[in-house]
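**Q** Each chain, letter by letter, is given below.
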Amino acid sequence: MLAAITSLTILGIALGYLLGLASRYLKVEGNPLQAEIEELLPGSQCGQCGYPGCTAAADAIANSQAEITICPPGGLALVEKLASKLGVSIDLSSVEDKAPMVAFVNEALCIGCTKCFKQCPTDALAGGPKQIHTVISDACTGCEKCVDICPTECVAMRPVPITLQDWHWPKPDAVVVTQVSVV
Amino acid sequence: MTEYLLLLLGTALVNNVVLVKFLGLCPFMGVSNKVDSALGMGLATTFVLTLAAVASWLLEFYVLQPLNLGFLRILTFILVIAAVVQFTEMAVKKVSPALYQVLGIFLPLITTNCAVLGVALLNVQQHHGFVESVLYGFGSAVGFTLVLLIFSGLRERLALSDVPKAFAGAPIGFIVAGLLSLAFMGFSGLVTS
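Each protein sequence line maps, in turn, to chains A and B.
1 is the number of the first residue of the first sequence in the working numbering; add one for each residue after it.
184 is the number of the first residue of the second sequence in the working numbering; add one for each residue after it.
Here chain B stands alone, though its shape is the one from the complex:
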């Protein structure tokens, strides 16, 4: 049990997908202007990431490995991810049209969020079991949502503060992202094996 908890905590904080592995930077910079939309994006990505991790693990161990089709891995994973994202888009449109409007183009772009494919591939690479894969996917997604929320909060404050003209807008955003990444390195001392 502690093992699973450690895995969840480790993926969410210590090996954060965005700030340590540098995956999924596009929505990290793109949808972090407002806390509300960042939360919506985080939840949608959480759903997609977890479901994609589960589906890709099942595919890997029940289709690709028995048939010796490792070379089709990326192709099939992308196919599954695209389907899951399409499903999520339909669900969001049905459940919350307002959120659908806010997320706009970034919702279908979850397909190309490299964190989603990255987590699915890392699951295979690190020989995770089923439960571990689910936790790894979910933990990564929680870490992604957490970082997105923190960053959007920071950017909301930045928008109100007096930034030197040369740094206003995206440049100060990148600097803040770098500082946040440094701060998250502090978590690397959290889990010592």
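Okay, chain A solo, but in the shape it has when bound:
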């Protein structure tokens, strides 16, 4: 018993130490910017940007092969973070000002077919076979994969309620219009 515990522990520590050494000597000098950008991206590997995953997308953004607006689930909040990170001034009017969306299951139509949560890259859909599914909004990145797969069209995208992190002042022209209408 003691011998088993001790030998496995020693083995684990030794291998871990060796791997730590190896990772130090075999370190690949990656682009540090890429790692930072990848931190900001949602990390759900949904592929809506056209790249096979968030790592590839971060690489493309870091090498300025891709626009900083390519990530649909990230939305406006991500574009602003990327712009400040890269020091790029971005014309936000070109960005489709789509409020971030999360999936929502209409429980009256759900037949519990489990197709949507097999598709979900972030495990944001919960439920079982022949059980009504539901969406964990905090985990949903709004990639819309579940919308296409649902056979009864019970999954819909709904805007995320606005929080302190993504609240914006209303655009000034909206104010101007109201003033004009008053006059």
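Here are the simulated SDA-like pairs of lysine to any residue, each with C-alpha atoms no more than 20 Å apart in a straight line:
no., chain 1, residue 1, chain 2, residue 2
1, A, K27, B, S279
2, A, K27, B, V275
3, B, K277, A, G20
4, B, K276, A, Q34
Simulated from the structure, these hints should not be mistaken for lab results.
Computed from a prediction, not measured in an experiment: that's the story for all the values here.
Let chain A serve as the given structure and place chain B on it in line with the hints.
**A** Then chain B, alone, in the frame of chain A:
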């Protein structure tokens, strides 16, 4: 000397891990679309298999047997294999980023390649000595690489040929793998003791 040569030849051709023992079928079907990536996978697996065979033999005879810990065999072997694969992944990433991209998920999946654990366990089961274990590991890996190369060459040609629609893709791949396995049975007459 001839004994060792026979062992090497026997494991590579006669008792081929993939086609006769049916171990390591996942990368055999998964990474055999292109000859280049198949060669890369074969070399990475060769490295891992040989190193894992050596490490597991040393562990078996210097740690597990003296301490009478045979029940920990699978656990410790998996631990060693995982470490070796992790090391290989780092080395491949450093040496050849292109190959790292091509192999993708199949590189860490060498850990779960049953050929690697299978060879380590067979070494123990068949009471191999140290040199025999190394040769057995290396021979198996060479056999694996050889079969992977042959199969990827076949599949490259299959991709260009006019396969009936019902068989296109994976089904014809499985049939070809079966035929290849039959062909390799011909080697069983090679070594007669």
